[in-house]
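K.L.:
Residue numbers (the working numbering), protein chains in the order written: chain V, 1 to 380; chain Z, 1001 to 1128; chain F, 2001 to 2475; chain L, 3001 to 3110; chain P, 4001 to 4488.
These aren't lab readings, by the way, just hints derived from the structure by calculation. It cannot be assumed that every hint is accurate.
[Stated by the list, open to error] Examples of chain L residues toward chain Z, derived with CB under 8 angstroms:
hint: 1; residue: Ile3027
hint: 2; residue: Leu3047
hint: 3; residue: Phe3073
hint: 4; residue: Ala3077
hint: 5; residue: Ala3080
hint: 6; residue: Val3083
hint: 7; residue: Ala3084
hint: 8; residue: Gly3088
hint: 9; residue: Val3091
Just so it is clear, CB atoms sit at the ideal spot from N, CA and C, and this is done for glycine as well.
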Amino acid sequence: MDFSALTSFVISWQSLVILAVFGISLLIATYSTYAERVVAAFLQDRVGPDRAGPYGLLQPLADAVKLFTKEEFFPAGANRGLFVFGPCLAMTTALMASAVIPFGNTLLLGNGEVVRLQAIEVNIGMLYVFGVVSLGVYGLMIGGWASNNKFSLLGAIRAAAQAVSYELAMGMALIALLMVTGTLSLRQIALQQYDGLWNIVYQPLGFIIFCVCAFAETNRTPFDLPECETELVGGYHTEYSSMKMGLYLFAEYINVFVASAVMSTLYFGGFSFPGEHLLYNYLTASQSELFAHNVVTILGTVTLFAKIFFFIFFFMWVRWTLPRFRYDQLMRLGWTMLFPLAILNIILTGAFILFFGNKEAKLDVSKEAAPTEIRTVARR
Amino acid sequence: MLLATPVAYQPADYLPIIIQFGLALAFVAFSMVVSHLVGPKRHSKVKDSSFECGIESVGNARTPISVKYFLTAILFVLFDVEVIFMYPWAVNFRELGMFGFVEMLMFMGLLLAGFYYIIKKGILKWQN
Amino acid sequence: MLSIILLSVSGLANLFLGFLRSNRVLLPAVMLVLAVVLAINLIGFDTGQLADWNASPYFAGMLTFDRYAQVFTTVMVLTVLLLLPFSQKFVQDGNPNLAEFYSIMLFSLVGAIMMVSYNNVLVLFLGIETLSIAMYVLAGSDKSNLRSNESALKYFLMGSFATGILLFGIALIYGATRTFDLAQMGVAVRALPAADPGMTPMLYIGILLMLIGIGFKISAAPFHFWTPDVYEGAPTVFTAFMSTVVKTAGVAGFFKLLTIAFGGDTSGFWLPTLTAMLVLTLLIGNVGAVAQTNAKRMLAYSSISHAGYLMLALVALNSETLSKTAIFFYSLAYSLSTVVSFGVLALVHDQRQRDDYDSLNGLAKTNPLLAFAMTVSMLSLAGIPLTGGFFGKFQLLSAATAEGYIGLVVFALVMSAIGIYYYLRPIIAMYMKPAEEGTAAPVPVTMLQSAVLVVLVGLIVLMGVAPGLFDGFLA
Amino acid sequence: MEQTIPEVIRTVPLQHYVFFAAALFSIGVLGVLTRRNAIIIFMCVELMLNAVNVLLAAFSAYRADPNGQVFVFFIMAVAAAEVAVGLGIIVMIYRNIQNTDVNLLDRLKW
Amino acid sequence: MLTALLLILPVVAALLLHFVRGSAARALALGASLLELALAVYAAFQFNGVYSQTNPTLELKYHWLESAGIAFHIGMDGLSYLLVLLTAFLVPLILLASFRHNYDNPSAFYALVLFMQTGLIGVFVALDAFVFYFFWEVALIPIYFLAGVWGGERRVPVTLKFFLYTVIGSLLMLAGFVYLYYMTGVNGAMRSSDLDAFYNLTLSTQEQSWVFLLIFAAFAIKMPLWPLHSWQPDTYEQAPAPASMLLSGIMLKMGIYGTLRWLMPIVPQGMSVHVGWIMVLAVIGIIYGAIIAIRQRDVKRLIAFSSLSHVGLMIAGMFTLTDKGLQGTVIQMLAHGVNVVGMFFIADVIERRTGTRQIAELGGLTRRTPLLTVCFLVILLGTVALPLTNGFVGEFLLLMGVYQFNPWLGAVAGLTIIFGAVYLLRMFQRVMLGPDSSFSETITDLTGSELAVLVPLVLMVFWIGLFPGTFMHISEPAVNKLLVLINR
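Could you put the whole structure together from the sequences, leaning on the hints where they help?
P.N.:
In C-alpha cells:
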C-alpha cells in the first residue's frame, strides 16, 4: 500500500473522527461502571457511590487508579503468555467493533470537504461487527483456560457454548432484517430509516430475538453464567487481578455499548430522529444549507447517543431486575425457542414482503449523503 | 450474487480499520505495561496456588468436561454454515422473488428436520 | 435423478424411523427402498435416449442421469442391497444408532450416485464428500472398539487431506479454464496451449493434483497406505461398503472426468503418471496381500490391486466404449465377489471374533454353503474362468491391448498370477485344514443371508458363464 | 454487478493471490505431513481448504464469473460437515485413550 | 448339438449328485459317465464320412460376448474326437476305481470328477480361443480340489505348487491369446477369437515367436516338458489314485492337444524358431525320466517318471512336424492314456491290499493273484511298447519321425524303449515275482469291480495294438490339415 494514502489520511478530519470514536467508547466504558452502581443503588433504593467528587463522579478514575496499582497475579501452573493474551484480545476486539458504527450523518466543512461521523463506512459493516464481536469470546476462552483453575475453565467453556448458541439466533434475526433492508452496510440501513418508519416496525419479533441474544452475547444478566459468582466465584476471570481484570470489565461494558449502538442503528433509526426534514426545511429557510445540514447531523448524533444510553440503562435495569437462568434453561431457550422463532420470523418476513411489501428494493442511498441528496431523501 | 455495492472500494478505504486496530493495541499494551510496572510484586507459595475457595486444589484443573459442550460447538458449526448460505439470499431477496423464497423454504425445511432430529436425540438434555 | 431423491428422502425418513421402539423394521424398510430404486433403474434401461453422455440434464446441466450413470447406479445399489443383510449383527445387538448407520449408508450411496452422474466438477466434489464424510462416520461406528476409532481417524485425516489436494487441483484448473462444467472444461483444456500458453503450467499442476486426490480416493499407490488399516479396523460390513461402492463410484466418476475433461491429446501429459501409479498399485497390492496373515487385511490389499486393474481402463480411456464396458463389468463382478467374501468374513467374525485365515479352518465341514460361496468369490477375484471376475479382467485387458499397452497387460497377468496364491489361502483353510477347537461349531446364518449368498454366487457364475447377458449396456 | 468487482480486486495482481494461496496450501500440506497431533493435522487440512477458497474467490473475481464463489460456499459447507465429523471422531478417540497423538494409534500398523 | 450335450451331461449329473448320497450317488455317477461314453461312441456314427472330414463337424456357435466378438464355438474333428472318446472311455473306469475307496463326502468327489470331465471335453472341442482357455481353467479347479481335499498328508503344499505352476502358465497363454485376439482387429476388421480367425492371421516371425513362447509355456507345464515337470511326481504321488489317473491319463494330453491345435497351425514360423531346443529338452526329458524312474523306490513315483519319459517322446515326435510324428503322437496319446491309467490302478490295487507302495517291501505276489498278474503284465508290456501292444504303434511311428528329423536324436530317443523295459520289468519282477514278502500269502486276487476296470483297459491295449487303423483313420484328415497349415 502506498504511504501517501496513509499520510493524507492521518492528517485528515476522518482520523479525528476515529480518535473521537475511540475515546468515546473508552469513556463510556469507564463511566458505565459508575452508571451501573448508580442504577443499582437507584433500583435498590439506596445511595450509590458519592464520595469521589460531586455525586462520586470521579469514582471511575479512582477505580482506574486502583486497578493500575494492584498487584498483577499469575496463578501457579498458568500459561503466562495466554494468561496475558486473553484479556488483551477481549479488549482489542471490543474496541475494534465500534469502528463501523455510523454515529451520525456527514458534516460539511467550509472547504467543501465532507466528513462522515463514522470511523469507516464498509459495505459489510454488519458482518464486520459480528466477526469482531464473536472474536471476543476467544479472549474469555483463552483466559479461562490459561488460568489453570477449574472455575475459570468451566466459566470459559460456558461462555463459549453460550456465545455460539445465541450467535445462531442472532444471525437469523439479522437475516430477517437484511431481507427488509437489502444491504449489509450499517450506514445505508440508518439512511434508509432517515425518513419514514424505523425497522422496529417491520421487525418487532426480530428485535426481541436480537435483543435477547445481545444480552447473551455480552454475558449480561440474566445470561451471565460464565462469571456467576454464586456458582463459579468469578468464572473465567476468577484468577485475574489488576488491569487484566480491568480489561475484562471494560471489554464487557464496551460490548454493551456496541450492542446498544448496533441495536439502535438497526432497529431504531440510528442517527435519525422524527421530523428531521421539517427542521431541515425550517432552517434552510433562514440559514445556509451548510449550516442546516450540519445542525441536523449533530442533532442526529445526539439522538443516537440518547438511544444508546437508553439501551445501556436498559441493560443495567434488566441486570438488577431479573434473576439468573440455570444453564440448561439457558441452552434450551437459545436452541429450542429463539432459533425456531428466528426461522419463523424469516419466513413471515419473506411472505410479508412478497405478498404485501413493494417488490423493488428500498431506496438505495449508497452514495455519500451530500446535502442535496439528503434533501431529496427528506422531501420524498 | 456477490456481496458488493456498486461503489468500488479501494484497499486504502480499509485503512481506518488498521488505524483503529493500532490504537486499540496501543491502549491495551499501555495498560498492561503500566499495571505491570506500577503494581507491587510479593509472591508466596500459597498465594500463587490457584483459587479453590481456600481448600487444596485437587487433580488437574484442565479436566475433560461434559461432551455436551462439544456437541453444542459442533452443532453451532453446522447450523452457522447454513446461516452463511442465507446471507446472500437475504440481501438479494427481492431480486430472487418467489422462486428464491420457495427454495429457501425447502432449505429451511431440511434444516428444521435436522434440528428436530437433534432435539429428539436429546442434545439439550443436560440432566444426564 | 429419481433414485437420488428417493434415497435421500428415505434416508431422512429412516432417521426418524429410528425413534421407534423396535429397530427391527429398519432393515426391511431400507432394503425395500433400495429394491425400489433398483427396479426404477432396471426399468429405465431400455429408454434409448439415455445412451449418450449427457441426456436429461438437471440443475442447469450440472447433473445428467444418462445410461452411464444409470448402469453404475444399478451396480452400486445392487451391491448395497445385497450387502445389507450381513449387517444383521447390529440388529441383534440392539444397537441404538442402527437407524443412523442405515441412513448414512443411504446418504453415502447418494453421494456415490452423484459421482457417476455429475456433469460439473462441483457436483463431483459434492458427491465425493457426501460419500467420504459418511464413510468416516461408518468407519468409526464401532465406538467402543479402539481399532474402529483409529481406522476412522486415519480414514478421516487421509480423506480430508486428499480432498484438500483435489480441491486445489480443481481451483487451479478453474483458474486456467474459467469453468467447472465438464464439457466446457474439456474444450478449454484442449484449446488452452494455443489460446493462453501462460496458463498451461497451472493447468498441468492442477491435473497432477487432481490425480493425486483421485489416487487417494480409490487408494491407488503410492497413496494407498491408509487402506489396509482402515479396512481392517472398520466393521466388516462397512469395509465391504468401502471397497465396493466407493471404488466403483470413484473409478467410474474419474473415468468420466478424465475422458471428457482431460481426454484427447491432453492425456499425453498425465497418462505416464497414471501408468506409473497403476504399475505401482498392482505391485504393492499383490505383493502386500501375499504377506498378510489376516484375511480381512489380505482383502484390503487385494482391493488395492483391484483398483490397479480398474486403472487399466482409465489408462485405456481413448477407446471409450471398451473401457466403459470393462469398468462396468469388472466393477460389477468385483463388487459382488467382495460382498460375498466380506459377508462371509463378517458372519465368521461375529461367531469367532477373529478374521485371520485360521478362523476359516474347517468351514467346509461346518458351513458348506459359506465355504462354497467364499470359494466362488475368491476364484472370481482371482479371475479364474467360470466366474464373472474372468470376463471382467479379460475386458480390461483387451481394452488395454486395444490401446497397445501389451507390456502392461503382461505385467497385470503376472500380478494376477501372484494374486491366485493368496486367494487360494482361504480356500485351503476352509477345505484342507481341520477345524480347530473353538471353530468347530457351525456359524449361525439366517435364511435371508443364505438366500442372498445363493443369489450372489448365482450372479457371479452367471456372469462367468453367460457374459452376453451383461453385455452392450454401454455400447 | 459483476463487471464492478474486478476494479476492486485488481488493485492487487492475480499472481499475488495465487502465490498466497499456494503458500497457505503448502503450509497446510507440510503441517499434515509433519505434525503428530490429530487436532493440528486437522487444522492444517482446514488451512488447505481455505487456501483453495482464497484461490477460487480470486479467480472468480478476475474472471468476473460467480461460479467460483458459489464453489467457495459449498466448500465451506462441506468443510463444516467435515469439522463436525472430524471433531466427533477426535473426541471419541480422546475419550478412549486420553490423547490425540496419532503415533499412539498403533493398534493397526501403518 | 451333440457336442453341447457331451459338455452338459456331466455337469448336470454333477449338480444332481449334490442331492443324492451313498450307493445312489455311485449309480448316478457311473450311469452318467457310461451314458457319456455311449454318446461319444454314437458321435462316431453321427458324423459319417468322418474319415474324409477335414473341417470340424457337429459345430455349435452362439454369441457369448457379442461386443467383443467372442463366440461360444465348439465342434469336433478327428483329432478332438479321439481325445473326447478317450476321456469318455476313461472316466467311467476312473469312477469305478474310486468306488473301492471310502472317501468322506463321496458324492462331492464324484461330482468333481464329472465336472472335470466337462472341462476336459470342453478343452478338446473348443473352437474359440477363449472357450478353450475357459475350459482349460475349468478343468483345473476340480482336480485341485480332488487332490487337495482327498490327497495324501503332504497334499496342501503339493497341490498349491501344482495349481500355481499351471495357472501361471495359463495366464501367459491368456496373454498370448489376448494379443492374437487384438491382432485379428488391427486392419479394421471386427476382433474375433475364433480358431479360423487365428489361422488366418499373418504375423511377423518375431511376433510369432513371442506368442509361441507365451502360449507354449502353458502347454509345456501341462505336458510336462522336462525342466517344468517338477510339480508332476509330487502331485501324482500325493493325489488320490483316481486324481492321478485323471491327471496322467487325460489332463496331460491337454498340453499336447493344445500344441497341435492352438500353437503349431497359428504360429508355424514362430515355432520353427524354437523347435531345436524344444526337441533337445524333450529328449533330455526322455532320458531324465527314465533314469530317475530306474532309481525310484515308490511304485507311483516310478510310474510318474516313466510317464514323463514317454511324454518326452511324444513331444519330440510332435515337433518333428512330420505326418508320422503327428500320427504317432495321436495314437500314443490314446495308448499312454490307457496304459498309465492301468498302471496307476494296479498300483492302487496293490497298495490297497498291502498298504504300501515301496517296491522293497513287496514281492512274490503272483502266487495267489493270477488275474492281477496277467492284467499287470499286459498293461506293463503295453507300456514297454512290445509289438502287438498299443504302445508299440505309437512309439514306432514317433521314433521314425524323430529319426527322420535327426538320426542322433532318434538314436537317443530310442533308448526310451530299452530304459522303459529295464525299469518296468525290474519293477514287475520285484513286486510280483521276486522273493516272498509278508504279503505273499495274505494278498487276495482281483475282485469283480476291479476286473471291470482292468478288462476294458486290457482289451483296449490289444485293440490299439492290433488295429491301430481304426483310430488313425479318424485322426488322419485332421492331422493332414494341420500339416498343411503348419507348412503354409
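K.L.:
Any hints from earlier that this structure breaks? Give me their numbers in increasing order, please.
P.N.:
1 and 2
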